[in-house]
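**Q** Chains Z and U are the protein sequences, given in the same order.
7 is the number of the first residue of the first sequence in the working numbering; add one for each residue after it.
479 is the number of the first residue of the second sequence in the working numbering; add one for each residue after it.
Don't read these hints as lab results, they were simulated from the structure.
As the structure is a computational prediction, the values presented were derived from the model and not from experiment.
Where a beta carbon is used, it is the ideal one built from N, C-alpha and C, also for glycine.
Some clues are possibly wrong.
Stated by the list, open to error - Footprint (simulated), chain Z over chain U, 3 or more residues, beta carbon under 8 angstroms:
| id | segment |
| --- | --- |
| 1 | 621-634 |
| 2 | 649-659 |
| 3 | 685-695 |
| 4 | 817-825 |
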Amino acid sequence: MPGLEAGVMLPLALLAQLLRIGTPYLLAAGGGVLAETGGMMSLALEGYMLTGACAAAFGAAATGSAWGGVVAGAAGGAVAAALFALATVRARADQIVTAIAINLLAVGATRFALRVGFGSSSNSARIPGFGALDPLVVVALVAMPLLAAAIARTRFGLRLRAAGERPDAATAAGIDVARIRILAILASGALAGLGGAYLALDQHQFTDEMTAGRGFIALAAVIFGRWAPLRVGLACLLFAAAETLALRLQLTSAVPSQFVSMIPYALTILALIRGGGGRSPAPAALGKWAD
Amino acid sequence: MIADSALRRQRLTEAVLPVAIAAAIALVTGDLLILAIGQAPATVYRLLLEGTWGNGYGTGQVLYKATTLIFTGLAVSVPLVAGMFNIGAESQLAAGGFAAGTVGMLLPPATPAPVAVAICLLAAAAGGALVGAVPGVLIARAGANEVITTIMLNVIVLSALNWAVAAHLHVPETLHTPAIAAGTVPRLAELVPSLSGSAANATVLLALLAVACTGWLVVRSRPGFALRAVGSGPDAAAAAGIAVARTRLGAFVLGGALAGLGASNFVLGYKHYYEDGFAGGSGYLGIAVAIAGRGRPLGIVLAALAFATLSQGGLAIHAVVPKQIADVVQAVVILAVAATTPAVARRLRAGVA
Numbered sequence: 007m008p009g010l011e012a013g014v015m016l017p018l019a020l021l022a023q024l025l026r027i028g029t030p031y032l033l034a035a036g037g038g039v040l041a042e043t044g045g046m047m048s049l050a051l052e053g054y055m056l057t058g059a060c061a062a063a064f065g066a067a068a069t070g071s072a073w074g075g076v077v078a079g080a081a082g083g084a085v086a087a088a089l090f091a092l093a094t095v096r097a098r099a100d101q102i103v104t105a106i107a108i109n110l111l112a113v114g115a116t117r118f119a120l121r122v123g124f125g126s127s128s129n130s131a132r133i134p135g136f137g138a139l140d141p142l143v144v145v146a147l148v149a150m151p152l153l154a155a156a157i158a159r160t161r162f163g164l165r166l167r168a169a170g171e172r173p174d175a176a177t178a179a180g181i182d183v184a185r186i187r188i189l190a191i192l193a194s195g196a197l198a199g200l201g202g203a204y205l206a207l208d209q210h211q212f213t214d215e216m217t218a219g220r221g222f223i224a225l226a227a228v229i230f231g232r233w234a235p236l237r238v239g240l241a242c243l244l245f246a247a248a249e250t251l252a253l254r255l256q257l258t259s260a261v262p263s264q265f266v267s268m269i270p271y272a273l274t275i276l277a278l279i280r281g282g283g284g285r286s287p288a289p290a291a292l293g294k295w296a297d
Numbered sequence: 479m480i481a482d483s484a485l486r487r488q489r490l491t492e493a494v495l496p497v498a499i500a501a502a503i504a505l506v507t508g509d510l511l512i513l514a515i516g517q518a519p520a521t522v523y524r525l526l527l528e529g530t531w532g533n534g535y536g537t538g539q540v541l542y543k544a545t546t547l548i549f550t551g552l553a554v555s556v557p558l559v560a561g562m563f564n565i566g567a568e569s570q571l572a573a574g575g576f577a578a579g580t581v582g583m584l585l586p587p588a589t590p591a592p593v594a595v596a597i598c599l600l601a602a603a604a605g606g607a608l609v610g611a612v613p614g615v616l617i618a619r620a621g622a623n624e625v626i627t628t629i630m631l632n633v634i635v636l637s638a639l640n641w642a643v644a645a646h647l648h649v650p651e652t653l654h655t656p657a658i659a660a661g662t663v664p665r666l667a668e669l670v671p672s673l674s675g676s677a678a679n680a681t682v683l684l685a686l687l688a689v690a691c692t693g694w695l696v697v698r699s700r701p702g703f704a705l706r707a708v709g710s711g712p713d714a715a716a717a718a719g720i721a722v723a724r725t726r727l728g729a730f731v732l733g734g735a736l737a738g739l740g741a742s743n744f745v746l747g748y749k750h751y752y753e754d755g756f757a758g759g760s761g762y763l764g765i766a767v768a769i770a771g772r773g774r775p776l777g778i779v780l781a782a783l784a785f786a787t788l789s790q791g792g793l794a795i796h797a798v799v800p801k802q803i804a805d806v807v808q809a810v811v812i813l814a815v816a817a818t819t820p821a822v823a824r825r826l827r828a829g830v831a
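One chain only, chain U, in its complex shape (with noise of 0.2 angstroms):
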């Protein structure tokens, strides 16, 4: 039980001490950064501080973009777990959002809340497990490489959607849908006045939930352990008669799906309508918050709060310094992480041996 409970303290090291020595080094760099142009560290921070976890407004925005990054964080981390990279969370994320706006537009005014909140929740899981499904059967059937598979799908769905938006379903001057019938998701603001003026709305608890979900199903289910025995070695995996192929496309269904949920913070939760290019890059930043978060569920609601802290406070610090700091240490933090990940796991492997 000893060494037990040391193996679990030095995966939990190797787990964390990446994430903190990045965090150091993504500090330093928004230093000298700051100091470049001339300004104060201690004044920038304290800016992006108060103009984020300081006052109802600036935390309801964290809440409302980091409720997006931990579905698309969620969509990278399932198939991580069977040992595959879904870069597509971007387009996952769009395709569910046009799902969800859609099927709201049709849906009759007088549908009841929440019937029509879980037909829009189904429409948009389905729309990003539909996307998610793509590479897992080019995987799974022709051998194809996730990584491109994925890298080419995005634009291919987003140039398609961009299409069905511009040249059919828009708003006139716009580039958006007519708002969705039924289906709204209240704002957190009706329970929490504090936070009034944010985007933050109700889609946050479910996040909490599909975090919550998806651990266990990782965890303790069977399929999670197919999962994670084919991530540790697919020919293993196989010899133990795991079905593979089915293993890795059930491994994206599921991602495309909870980056499909994704969407319902934006379409149901705070504009009402899907807008083409909405997914404004959460679904890369999702690989940071999947990385970053080392794919457990604790990990990932920090760093996706951690991230979208960086991105809301770099609103909060343009008066004085160009936002695009904020960008830029976002980048450094994932820099980091995989830099020092595996120098970090060498040593504390070598120490234990």
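Isolated chain Z (complex conformation) (with noise of 0.2 angstroms):
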């Protein structure tokens, strides 16, 4: 019945794909909201998972596992984030001109990289991979679920939320809003690290220039998802369905892929739109300091 494994086998390799593109968008969204929540702008997320996917592929290829990937990934997201943490948090630099430095950083310091580790302009090594099973897409479903509980339900959360909201209120009960926010950041950048290590490992190499605006497209679905972890998640997906379905029409070219891929940001655009008439959902101290 070749009707019926069609039936049952398109659904199957759509749902695949969307999880192939869902993945670095969770991850990386799912570092947003932690950052953002805190106060801090996540307009370098694109930085912490360009840094991740080329530490990722140096793990792997030391290590010869995809672990060692995996690990390399989230430390090299984090220390990017942590240059971000140091000139915002601790220095007080202004955060957008901050976020594009280590954006550009993480271009020039990857492609750096590239050239003495691999010896290519383009291209790492072949490096081991997840195949199938990749344990990365079941962190990414499950991100989401348990940042909306951190947040909503233990005392970090309601620091983070204190230190986003009102961080003069924050720092006069007593909390340390500076360290609240550099946790933040690091764990931002750990996660969208991962965003960027299961791109390489998914592809069993680092390309430059490889996350080619996935870290816009999750800060743009953090924004879509009004900061809040479970519709950010579905934002992530709205978004990737969109690209999967993109890539289908593509091969029927019936509409032009440009305009599908612009869907996020035509979004979020308009999201921002509508939002501007009420309260804005918003931390109230996004991207400012009190003190």
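Dock chain to chain to rebuild the complex, using the hints, since each chain is given by itself in its own frame.
**A** Right under this line is the structure:
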């Protein structure tokens, strides 16, 4: 029964493709939710992801194991995030300028590393990956529910929200806002780094600028999901679904793929316009300091 | 008057010191990277200087790259005066180039050169201004965040332009439009033969004119006063009768127009067509130029020259060390300027008070 087979296989193939595209979004957007809830802007997710992807290639190549890539990817993302934390939280550098610098630095540094480490300007050597059952997909799927619970129910979550909404009141209540924010940024970098590691391990290599704007799609999901982890997760899946659709449509060349790739960004701008009327859902002290 | 000059000196120090510290940090970073791959920093820096300012071609290339950066630096600086970040210079630049390229393509070839250039420049400015107006309107009407809006808009506009060129306007086997029929700007080498071979063209003069005009506009004119008032406090500006939303819109339209004009450097002065991806990050580097240039006319010109020297210098050192060192150093400069600015301001103010 070829009809039945196609009836089951096509949705399964679509689902697999959806998860493959959505996993890096979910991981990076999880990082975005964490940092932004604590009041720190997440414009550098792209840089964390790219650093994570490159570090994962080095980690996997050095250890000969995909797990080595996972650890290195998270660490790489966290190192990039540490730079951001150092500049913004410690030195009070402007968050937007610092993020742009981190993104540019990630492009330059990963190219440099590629050149020095793998003697190439385009791609790393072939690295091991996980095959059909990728643990990072599972991590991505549970990340948002876990983050939702952690932010809503734990002491850390309460303090994080306080740091993002009323940093002055949080400080008065004895919360170390700087410390909470640094922790959130580091975790954010590690999660986004995992997103980058997934890309590198999935494609069995790191390629120059392989994140290709996914960090900004993740940021779009954070905004479109109005900073609520579960909604942000759904936004990631929605964007991934649109892209899956785009890839399918491209096969039949019905709609120019360029227009489908605009969807996340266009939706986010629309969300910003509609959000302009009432109270903004963004953390009140996002990008601001109160001291 | 003594207090006045002391204040002015302090402001100058506040502007220059972070950049000087950042340059030192960047130099050390460069040294470390060069040493890490077993080369001598002195050799690499000599190559860098020889390959840029050391010969006519290199100098011309630096001038060419600096020209685009001056425009994108201005495109970021003007809205910044009004307290807003324009991350959209990249797509404003691309849209300006697309407008100039398509209009230039459609002009009758017999159009007198000054007329054709003027029309193409107008088209470039209009293309950039149109893209700049979108975040301007969204901020004014819907209270949208300008940073997110301009970032998202970059991707939308660049995708749309990519589609227009790839699907309809390209010369077969390429991603560029047919050459413009009229409106080319002469190369500088026609005046200064030693620059021959480089892409430097008369647009650099337009860039300097743009710097002077924007400087005058911001510091001396009524709209400039409104820009600065909104920048130092929108509520106070509104109370003083300044139309805050309209001022912000104006800042973005002007910023977009300046970025769009920058495209004439590539489209009218160098390749004579619009090519997909020609902006190549110049819009983002414009943010670096605006920040390092501290929003001052001379600062923007010097910062554009410095970043252009690093870009061109990267190519010159590539035989010995990976050219990506230059990209890393550029990013470190921005990071270091951002990180040292608040501390310098705090110390200086504490010292005066």
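**Q** Next step is simple, just say for each hint if it's right about the structure.
**A** How the hints compare with the structure:
With 11 residues bearing a CB less than 8 angstroms from a CB of chain Z, the segment 621-634 of chain U meets the requirement of three and the coverage assertion stands. Only residues whose beta carbon comes within less than 8 angstroms of a beta carbon in chain Z count, and the segment 649-659 of chain U has 0; fewer than three means the coverage is violated. With 0 residues having a beta carbon nearer than 8 angstroms to a beta carbon of chain Z, the segment 685-695 of chain U misses the requirement of three or more and the stated coverage is violated. Under a criterion of three residues with beta carbons nearer than 8 angstroms to beta carbons of chain Z, the stated coverage of the segment 817-825 of chain U is upheld, 5 such residues being counted.
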